[in-house]
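Chains as they are written, first to last, in my numbering: chain A, 1 to 288; chain B, 1 to 241.
Read the hints as simulated data drawn from the structure, not as lab findings.
Please note that a few of the clues may not be correct.
[Said to hold, decoys possible] The following label-pair restraints were derived from C-beta to C-beta distances:
| no. | chain 1 | residue 1 | chain 2 | residue 2 | range |
| --- | --- | --- | --- | --- | --- |
| 1 | A | 130 | B | 81 | 32 to 42 Å |
| 2 | B | 111 | A | 197 | 55 to 65 Å |
| 3 | A | 203 | B | 176 | 26 to 36 Å |
| 4 | A | 235 | B | 176 | 30 to 40 Å |
| 5 | B | 92 | A | 55 | 44 to 54 Å |
| 6 | A | 255 | B | 35 | 17 to 27 Å |
| 7 | A | 86 | B | 92 | 42 to 52 Å |
[What the hints assert, rightly or not] Covered stretches of chain B (in silico footprint by chain A; criterion: 3 or more residues with CB under 8 Å from a CB of chain A, positions within the stretch not fixed):
| no. | stretch |
| --- | --- |
| 8 | 87-99 |
| 9 | 159-166 |
Here the structure is a predicted model, which means the values were calculated and not measured.
Yeah, the Cβ is synthetic: ideal placement off N, Cα and C, and Gly gets one too.
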Amino acid sequence: MNDSRTTRGRSAVRRGAVAAAALALPFGLSAAPALADGHGGDMDATVSVLHAIPEGSGADVVDVYAGDAMLIDNFTPGSLETLTVPEGTYDLAVFADGETPDGGTAVLEAAGVEVPGGANATVTANLDADGNPALNVYVNDISEVAAGESRLTVRHIAAAPAVDVRADGAVIIENLVNPDEAIVAVPAGTYSADVVLAGTDTVALGPADLALDEGTNTIVYAWGSAEAGNLALATQVIDGLDGAPTGVAAGGGSTAATDQLPVWTAGLMALGALGAVGAMTRLSRNRA
Amino acid sequence: MLVLIGSLVLLVGAPLAWAGFVASGSSTEAVETVGERPTSSTSASPSDQPSNGSTDAGSTDTDTGPDVAGPDVTRIGTPVQPRSTIEPMPPVRVAIDKLGINAPVDSVGVYDDGSVEIPDDVARVGWYRFGSDPAQGQGSTVIVGHRDGFDQGRGAFYSISALDVGDEVSLELSDGALRNYEVVAREVIAKDILPTSDLFAEDGDERLTLISCIGYFDRGGDGYRENVVVTAVPVSEEVRS
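Bound conformation, chain A alone (with noise of 0.2 Å):
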């Protein structure tokens, strides 16, 4: 359970179902490890969109915007959209279905949302602590996995108060809130999950399976609303994120030549010692 660590949400942008004004994003994706993978020129990126509002809060059927293009049509909640778009910056906005961007209000907007080639960002359309609809711009961690782990990334995108995250009984990630993520990399297996209040054993969600594959960042997303009982998961798994093995110790030994000298060095030892002696003998004799 090491290597844990959280971040800030994004960004909140919240919107009332009226409100228009479009909030500039200095947000860049610039984690992009994919960016170093020597591909030139024009990239593509990859989007995942997820309708985490609660049904029956005014966005049951939407449709998502980039600028005038349609990103996703008659989005419901709890659907995960995954898409590759070009590289880019887009304004992104989420219309009640059938409205557009020529003439209609959107229901929640993100302007400028810098999307770099190779980056891997999701969006959600989720509730923020209060209830109120906000739109979030995550940046999926696709770096390599160590060899025999599983990244694990939480999401608190829920009209809930700070949680904390448990596997197998143990609290894995402590004290999370909206609209923060934490991410701790787990030895790769499956593990009975649960949401609790913070500091509490108060279970707010699961226990559910959890299944965590070696190599895959596994990102869960807590969504929905207390005060309505509709708390939710939602899972995303990003794959082919596998490190190799450090290497392969195959051996113990027993059959080895010794790391002491070998035998014909020895051989080839007594031999000079042999002559020397002999040589040195001799020279005495001469010498007398």
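Fit chain B to the given chain A structure using the hints.
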């Protein structure tokens, strides 16, 4: 006098020569290479990009979904489909007739230090379960085996350095099927430069990689200084029959 000098040269030179030979073990390139090992980088497989459970399907902006907003709406983005996952088919036995090897295969992971776990019983070998397997149709199925034990004598893979290009290796899989492979490369590589990313790659050409130890044994704690790596590729059905 000449005899004395010659004798002293032998006396001092023999152990020095041995020490020099030993020191040469920490080389920066493979000590020995026979044949050519296919690597992920030489393959055409595009799947070395991380994915959101993705596949490499489609690369256009074509929308195939319902479009209730009407045909005049511009679409952006290409939906990424979940990567189809194939259930692993672990090897349970490896046979190399030429060397009289017929060893049971265990599924293994990694030790705390990140190195590959190897069955304690040197008569057994390990399939790296976090890597590829014969059902995937791509990548490296890695089997590791001891050259020897601390006190168990010779291990199952004691003699794999005697394999040559063209030799046959076969695997029995967990469903009872047999897979035949033909050796294409044998390398002896210093452990500190073992190209683990290539050897354990889950993409690239389908191949079988056998790894053991060889070379100078350092009783100071580092053990064998080199790995022997044997790479084999599947034998086509036509050839097999």
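Structure-based check of all given hints:
1. A:130 to B:81: 32 to 42 Å: Holds: the Cβ-Cβ distance is about 37 Å, inside 32 to 42 Å.
2. B:111 to A:197: 55 to 65 Å: This hint is violated: roughly 38 Å between Cβ atoms.
3. A:203 to B:176: 26 to 36 Å: The hinted range 26 to 36 Å is violated for residue 203 of chain A and residue 176 of chain B, with Cβ atoms some 45 Å apart.
4. A:235 to B:176: 30 to 40 Å: With Cβ atoms ~35 Å apart, the hint holds.
5. B:92 to A:55: 44 to 54 Å: With a Cβ separation near 49 Å, residue 92 of chain B and residue 55 of chain A satisfy 44 to 54 Å, so the hint holds.
6. A:255 to B:35: 17 to 27 Å: 26 Å, holds
7. A:86 to B:92: 42 to 52 Å: 47 Å Cβ-Cβ, so the 42 to 52 Å window holds.
8. 87-99: Our answer is that it is violated, as 0 residues pass the Cβ test (under 8 Å) against chain A, missing three.
9. 159-166: violated (count 0)
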